[in-house]
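**Q** One-letter residues, chain by chain:
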Amino acid sequence: MTNLGHILVLAGGLSPEREVSLRSGHRLCDALRENGVDALTVDADSALIPAIIADPPDAVFPAIHGASGEDGAVREVLDLLDVPFVGATAGSCRFAFDKPTAKTVARAAGLTTPEAVTLPKETFHDLGATAVLDRIVARLGLPLFVKPSRGGSALGAGPVRSAEELPAAMVGCFAYGDTALIERLITGTEVAVGVIDLGDGPQALPAVEIVPDEGAYDYTARYTAGRTEFYTPARISAAAAKSAADSAVTAHTVLGLRDLSRTDLIVDNAGTAFFLEVNVAPGMTETSTLPMALEAAGLSFGKVCHDLLVLAVERGN
Amino acid sequence: MGSGHGITSQGDAVRTDPQQPHGSRIDPYVDVYAARARGMIASEIRALFAVAARPEIVSFAGGSPYVSALPLDVIGGMAGQLIADHGSVALQYCPAHGDPGLREKICEVMALEGVNAHPDDVVVTVGSQQALDLITRIFADPGDVLLAEAPSYVGALGAFAAYQAEVLHVPMDDNGLIPEALDSAITELAAAGRRAKFLYTVPNFHNPAGVTLAAERRHRILDICNAAGLLIVEDNPYGLLGFDREPLRPLRADNPDGVVYLGSFSKTFASGVRVGWAVAPPAVRDKLVLAAESAVLCQSSLAQLLVREYLCTQPWREQVKIFRDLYQHRRDTMLGSLEALMPAGCHWTRPGGGFYVWLRLPTGLDAKAMLPRAVSSRVAYVPGTGFYADGQGAQHMRLSYCFPEPDRIREGVRRLARVVEAEIELRETFGSGGTHGNLGVETPGPEVA
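If you read the protein sequences in the order shown, they are chains A and B. Positions in the first sequence are counted from 1; adding 21 to them yields my numbering. Positions in the second sequence are counted from 1; adding 45 to them yields my numbering.
Think of the hints as simulated: they come from the structure by calculation, not from any bench. It is possible that part of the hints are untrue.
As the list claims (entries may be wrong) - Derived Cβ-Cβ restraints for the label pairs, each shown as a range:
(1) B:P140 with A:V98: 53 to 63 Å
(2) B:P73 with A:A75: 38 to 48 Å
(3) A:G319 with B:D76: 21 to 31 Å
Virtual Cβ for every residue (Gly too), placed ideally from N, Cα, C.
Chain A with its partners taken away, still in its complex shape (with noise of 0.2 Å):
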């Protein structure tokens, strides 16, 4: 079935999300290799570029999640050294790696996203962080949602329901990142939407639901097999599903992604689908959901893998 030779999957990096990076890359060089493929799983270190320049791949699919592997660093190291790849362009990446940024990207294309603030650590520091935080709980309220700018995971994420608990969860996401996105919290129902393009424009996966048991689907919740229930499809009203699908396809298309991303939405007990963030290398370890949702659409993981690569090498081409 394979036209594909040497591919490399990219994987681990230096992010604090490296291990579930590399759990991604090894599940996803097993499903290629499952498929055909001649794929080996690579760092992205001192020892890539030799690597590459002595031995080029057909194609790399980029598996690293955060810094580097999500804001474009590594895609545009790809370009210069002229290997295709799967998934977005450097500059895609950096639109949608910045959440702040994608919010706004996405708000002007007529998606619902929660209204937020975003600030850096010394804005805090010059102007006093007592009457930073007290406008911001005058402005959008309480509950909150408090997340770094830039990262994933749920590190240095956590939710806020009084304004006492404000500057202890700044601390924790400004030990992630130095630049903070408040947003008015969302209660409802959590899903993941996948994104696949196959060359015939993106299509949505079947949204999967997200229920953690402790209530919050932090980094625990996501990566214990058995801390998190999903639900696939999503036990939403069909026009929920539709809207969520619908705010998928286009925060993917308007970012300017390629190949395949997965939105994270709540939808709200109105059944209104609110935009939180996009991803461009999505989880692809056990416990992630798009595997979860090619598999409930019928699909096969390693083959629609396959096909991405056969995808990037033509573009290569």
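Following the hints, position chain B against chain A.
**A** Okay, now just chain B, sitting in the frame of chain A:
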């Protein structure tokens, strides 16, 4: 990878009558696990340690010995010859008690520190970590109290937690465990109708605190425990790695009936061979052998014979001296760098041997909350909370100087100082009102042993 809101409502209006009412939990056995498996979860701390293991990071987190200082070519030749000459033994099962020849050599090693033991009293284990597991297995029922220093070795706390024992920490100062505090802890337990099953202590070059139990306190500790009928578990992996003076006499040397002594080749030879041992009173020893049998049938014959061969044929005492000199230089480098670079308000211990400096941050700082920023700045440590069973230690961190080379130690301390300075500024901005969220449990991995 996303950060969602992660907050799900219950019974909201848009939910339909589901065609698929049952979701997937990925793990079909989620409702079957024992209660003791509840803490076995993915955690942010473990994710950060995974990054810290990369060479780009200066890691003060691991307690890994600098095995590159071994004559690896000689050991390689020795290992090959061992299999060629004794493969039928080295690749076969062996007694759960351990190889008799190795047990004899272990007694020679212990004699250097003043422990006089018979090879029959020695049980070989998979590192001293397995000895900790076996000791806890045979003594502690769920809910039993164990005494341990404050702070205490993270691997011991992990073993105690696995058997659902309750740990009561006893304070230390610069001279190690405080006898009066131990006495008080025993008295308070008795007043509550409880009795600790044993005292776990690392008297020499403590992990993580770096301090050594003063000679004059050792008899007092023995007397207190003797009077209370309290068994002592003396863990001594670093005893031969003192820089400034001869080893102090182990507790076991003065009360063989009241002390189970744990030793290890992980720090004086190679951690990868996973060979440690326990020396115990005969009745305890018999139970340890049976417990070891049920756990692993027997230890690795190959590893045991490799260590035996190393001790029989190589100048291992000289090698220990090489390690001592190397670690002393690294300790001096770390202490000098800390002195030169760390901001005011930081305090640290000055170990006379072993691998670790225990650093206290300025008031209001939280080492665990600061770890992500440190790893992003390419330096790592172990947050102090990992060395307590009761949530203490937020203001502390353990710094290991054993593995990074001196230039890397200097660079790592430079990075750490900048991280601490930034954290001080952040806390000044937002106050020090605790830490938001939970970075997860700190069950020990080999990277923090």
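**Q** Each hint should be assessed against the structure and marked as holding or not.
**A** Hint-by-hint comparison with the structure:
Taking 53 to 63 Å as the suggested C-beta distance range, the pair P140 of chain B and V98 of chain A conforms, at roughly 57 Å. Between P73 of chain B and A75 of chain A the beta carbon distance is about 45 Å. The supplied range of 38 to 48 Å therefore holds. For G319 of chain A and D76 of chain B, the Cβ-Cβ distance of about 29 Å falls inside the hinted range of 21 to 31 Å, so the restraint holds.
Of the numbered hints stated above, none is contradicted by the structure.
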